[in-house]
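Trainee: Sequence:
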Amino acid sequence: MRVPFRSSQFGFKLLGAFAFWTMLGIAFGVQFHFASEQIGNPVPWSRALGHSLSDWYVFALLSIPAVMLAKRFAIERPKWVSALAVHFAASIAFTLAYVALRSGIGMWQGGASTVFTDAVVSLLVKSWHFDLIVYWVIVAVTHAFGYYAQLRERELRNAELERSLT
Numbered sequence: 016m017r018v019p020f021r022s023s024q025f026g027f028k029l030l031g032a033f034a035f036w037t038m039l040g041i042a043f044g045v046q047f048h049f050a051s052e053q054i055g056n057p058v059p060w061s062r063a064l065g066h067s068l069s070d071w072y073v074f075a076l077l078s079i080p081a082v083m084l085a086k087r088f089a090i091e092r093p094k095w096v097s098a099l100a101v102h103f104a105a106s107i108a109f110t111l112a113y114v115a116l117r118s119g120i121g122m123w124q125g126g127a128s129t130v131f132t133d134a135v136v137s138l139l140v141k142s143w144h145f146d147l148i149v150y151w152v153i154v155a156v157t158h159a160f161g162y163y164a165q166l167r168e169r170e171l172r173n174a175e176l177e178r179s180l181t
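Residue 16 is where the sequence shown starts when you use our numbering, and the numbers rise one by one after that.
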């Protein structure tokens with residue numbers, strides 16, 4: 016039995032997602048600031064947080080199609096091989112989209128490279144593996160939430176059956 020869609024639920028989920036990505040951005044920004052300071056190349060708080068939040072907000076934007084794909088192509092029997100193939104291709108597209116978007120934003124923020132292709136190549140080398148991991152974590156978390164929802168639904172159904180039997 017599905018609960019009817021309520022806009023307050025959507026708003027709450029949207030606010031929760033925004034808070035999640037913001038907290039990740041802040042955590043990485045703090046780490047960036049202190050690590051830069053530690054190696055003798057201090058980065059101002061505004062730059063550290065600005066760059067880090069930009070990173071994670073791009074991931075937030077790209078997580079929308081990643082979650083939609085994870086829901087549509089669940090990695091489960093009997094079609095797990097084809098679902099993995101879809102996600103493999105999507106993870107590469109996710110990474111390339113991240114690099115393109117983030118390179119453009121980095122140039123807008125006043126990055127060292129003024130040539131877009133140089134910015135793309137540099138970011139691709141620096142973040143390729145991390146970006147792939149982010150995609151697969153999004154897919155794994157989406158699956159975990161889906162399995163949890165199925166478990167709750169099964170528990171509710173069992174409880175209803177138990178009540179009707181007594």
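Bear in mind the hints are in silico, worked out from the structure with no lab data behind them.
A hint or two may mislead.
[To be verified] Here are the simulated SDA-like pairs of lysine to any residue, each with C-alpha atoms no more than 20 angstroms apart in a straight line:
| no. | residue 1 | residue 2 |
| --- | --- | --- |
| 1 | K28 | L147 |
| 2 | K28 | K141 |
| 3 | K28 | A75 |
[Unchecked claim] Computed Cβ-Cβ distance ranges for the label pairs, DEER-style:
| no. | residue 1 | residue 2 | range |
| --- | --- | --- | --- |
| 4 | A32 | R169 | 23 to 33 angstroms |
| 5 | R172 | W151 | 46 to 56 angstroms |
| 6 | G119 | E177 | 30 to 40 angstroms |
| 7 | M38 | G119 | 34 to 44 angstroms |
| 8 | K94 | T37 | 28 to 38 angstroms |
| 9 | V130 | G161 | 23 to 33 angstroms |
| 10 | W123 | A50 | 17 to 27 angstroms |
| 11 | R169 | F27 | 42 to 52 angstroms |
| 12 | G119 | E168 | 37 to 47 angstroms |
| 13 | S97 | A164 | 16 to 26 angstroms |
These figures come from a predicted structure and were not determined experimentally.
From the three backbone atoms N, C-alpha and C, an ideal C-beta is built for every residue, glycine too.
Trainee: So, for every hint listed, does it hold in this structure?
Mentor: Comparing the hints with the structure gives:
1. K28 <-> L147: Status violated; Cα separation ~25 angstroms.
2. K28 <-> K141: violated (32 angstroms)
3. K28 <-> A75: Answer holds: K28 to A75 is near 13 angstroms, not above 20 angstroms.
4. A32 <-> R169: 23 to 33 angstroms: holds (26 angstroms)
5. R172 <-> W151: 46 to 56 angstroms: 31 angstroms Cβ-Cβ, so the 46 to 56 angstroms window is violated.
6. G119 <-> E177: 30 to 40 angstroms: 57 angstroms Cβ-Cβ, so the 30 to 40 angstroms window is violated.
7. M38 <-> G119: 34 to 44 angstroms: Violated, at about 25 angstroms.
8. K94 <-> T37: 28 to 38 angstroms: holds (36 angstroms)
9. V130 <-> G161: 23 to 33 angstroms: Between V130 and G161, where Cβ atoms are some 43 angstroms apart, the hint is violated.
10. W123 <-> A50: 17 to 27 angstroms: Holds: the Cβ-Cβ distance is about 24 angstroms, inside 17 to 27 angstroms.
11. R169 <-> F27: 42 to 52 angstroms: violated (24 angstroms)
12. G119 <-> E168: 37 to 47 angstroms: holds (42 angstroms)
13. S97 <-> A164: 16 to 26 angstroms: Since the Cβ atoms of S97 and A164 sit about 23 angstroms apart, the hinted range of 16 to 26 angstroms holds.
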